[in-house]
Amino acid sequence: MTQESTTAASETLGFQAEVKQLLHLMIHSLYSNKEIFLRELVSNASDACDKLRFEAIDNPALLEGGGELAIHVSYDKAARTITVSDNGIGLTREDAIANLGTIARSGTREFFSRLTGDQQADAQLIGQFGVGFYASFIVASKVTVLSRRAGAPAGEAVRWESSGDGEFTIAQTEKATRGTDVILTLREGEDDFLSGWRLREILRRYSDHISLPIRMKKEEWDADKGEQVQRDEEETVNQASALWTRAKNEITDEQYREFYKHVSHDFDDPLAWTHNRVEGRSEYTQLLYVPKHAPFDLWDRNGKRGVKLYVKRVFIMDDAEQLLPAYLRFVRGVIDSADLPLNVSREILQESRDVRAIREGSTKRILSLLEDLAENRKDDYATFWSAFGQVLKEGTGEDATNLERIAKLLRFASTHTGTDEQTVSLADYVSRMKEGQDKIYYVTAETFATAANSPHLEVFRKKGVEVLLLTDRVDEWMLSYLREFDGKQLVSVAKGSLDLGGMADEQEKKQQAEVAESVKPLVERLKTALEGRVKDVRVTFRLVDSPACVVADEHDLGQNLQRLLKAAGQQAPESKPILEINPEHALVKRIEAADEASFADWSELLLDQALLAEGAALDDPAAFVKRMNALLLGGQA
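Straight run, no breaks: the sequence shown in my numbering ends on number 981.
Derived by calculation from the structure, the hints in this document are not laboratory data.
Treat the hints loosely; a few may be bogus.
To be verified - List time: in silico DSSO-like cross-link candidates among lysine-lysine, alpha-carbon distance up to 30 Å:
hint	residue 1	residue 2
1	Lys656	Lys807
2	Lys807	Lys783
3	Lys778	Lys839
Produce the complete structure using the sequences and hints provided.
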């Protein structure tokens with residue numbers, strides 16, 4: 345531990361409210377996996393050294409005369425402390441307050457809203473959130489951080505200290521060397537960690553992949569004391585070589601998993617990974633992972649995302665989003681390029697030909713990985729789809745080059761399964777198409793119940809034709825790009841005239857034409873009564889049990905898309921629905937027989953019912969209720 349002395353009065357500050365809650369949960373929920381505190385601290389120390397190496401590219405003075413970047417782990421039985429030290433970038437006073445006293449991460453509120461009070465379930469959520477430094481309090485009754493920012497004078501170091509009880513103190517201090525020391529004063533009952541053997545075992549298990557040397561004092565057996573004693577000489581306890589640079593046959597699955605936890609700060613194992621060295625026009629190594637769970641900031645447009653970029657094993661940036669398209673923003677991992685300049689900036693990344701090659705190659709690798717999951721590990725693919733399916737759907741509009749591959753990976757709910765589980769692929773659908781069917785039919789709605797009970801499905805159920813039930817918000821956007829699959833056009837059952845193609849029965853068509861001719865007067869009366877509210881009124885034979893439905897004209901926005909646009913505060917083009925009536929339904933026959941005095945009310949009721957069945961909100965619900973009550977009682981509204 346570095347010697348230090350306080351040179352300014354300490355100041356006591358309160359933790360952010362979320363940190364207080366998180367610390368309580370950490371201490372009480374992660375008791376079964378206490379040893380991860382060391383992995384998290386070593387991972388943070390490694391990141392600090394990586395950041396110094398990067399900043400020193402433009403400012404070599406930060407290295408203060410050189411010195412090998414390394415991490416040191418030590419323990420003191422008498423003081424009951426464990427210390428993790430690095431000679432990396434270090435912290436200023438402002439850094440310490442921002443990074444150790446608050447959680448500056450989007451999704452925090454959602455994270456806490458999903459906690460259940462069940463320790464096992466909450467532990468998994470905490471792991472997904474990625475809490476890093478706060479894991480110290482699982483085993484420590486007090487945590488002291490001594491840190492000096494690289495390039496700052498020795499007298500401008502900072503001392504941060506907390507017992508994890510809602511407050512922390514911070515003071516200016518002196519520190520002879522740059523970097524950070526994290527000193528843990530262990531709780532009673534945690535003496536198991538005051539052992540060189542135990543600490544080495546944890547470091548080799550969780551941190552062997554760290555590319556920096558992790559050093560501890562050598563130990564030897566003292567026969568007089570009957571225990572291991574530490575010597576002044578140090579030894580490296582990890583392999584200290586970047587994991588992605590090793591040959592695949594030298595890396596165990598456990599090492600791959602632990603490296604994922606290092607780069608993602610996720611406590612859980614990854615779902616799958618791909619590790620490749622690419623040579624040719626661009627030379628680079630990629631080690632990319634697909635997580636099991638979605639991070640809490642997946643939908644935050646301003647959130648940092650992307651893989652870690654290294655150039656010739658020198659860390660460049662944490663979130664190089666240019667190396668993968670936005671619809672693969674869930675991917676974690678490392679890309680190490682041999683071609684990019686060491687002082688590469690985000691602006692250069694956007695314009696570089698080499699980056700475009702890396703992006704294309706990495707995208708194809710991830711799609712191949714997902715194809716393998718979908719084909720050979722169906723349960724794992726279901727897990728992936730549940731977490732990231734909506735994000736992958738964005739690829740239909742963002743990546744025209746790989747549209748066909750993405751389309752094969754999509755999964756939907758459908759009338760074939762009858763559940764809201766999205767398990768049906770487009771290939772599955774095509775394999776079940778009826779004789780004479782030449783289109784893929786779908787319906788969109790806000791909820792699964794609305795989609796599954798849509799009146800538009802009635803004729804399809806009658807004929808045994810499968811319909812995809814699309815309820816994700818991204819679906820409407822996706823469908824503007826995904827117009828066909830395997831030569832089959834995707835068609836909404838709620839837009840345009842119904843065309844069953846070769847599935848229509850000629851005799852049935854003839855009968856329908858005769859019925860439609862017979863109710864022409866009714867159609868004209870409805871058009872007059874509903875003028876201004878509908879674009880048209882026409883007879884349909886898509887309905888079996890319902891009296892009417894509304895459809896959008898072929899080139900108009902559907903009802904569901906109009907609702908989504910309005911909910912998002914966007915101006916939706918005005919388009920009135922088309923009312924289609926079922927001439928065989930008893931209610932339609934009742935309306936046909938209505939006198940002129942009540943016909944307008946019956947017409948309005950018929951339209952409002954059809955809109956409600958679509959999940960639409962009525963402009964005047966009170967008038968609808970009043971009209972319905974009056975007609976039920978046999979009078980006029």
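Hint check:
The straight-line distance between the Cα atoms of Lys656 and Lys807 is roughly 62 Å, outside the 30 Å bound, and the hint therefore fails. For the suggested pair Lys807 and Lys783, the alpha carbons sit about 14 Å apart, so the restraint of at most 30 Å is met. Between Lys778 and Lys839, the direct Cα distance comes to roughly 21 Å. Compliance with the 30 Å bound is thereby established for this hinted pair.
Comparing the model with each earlier hint shows a violation of hint 1 alone; every other hint is respected.
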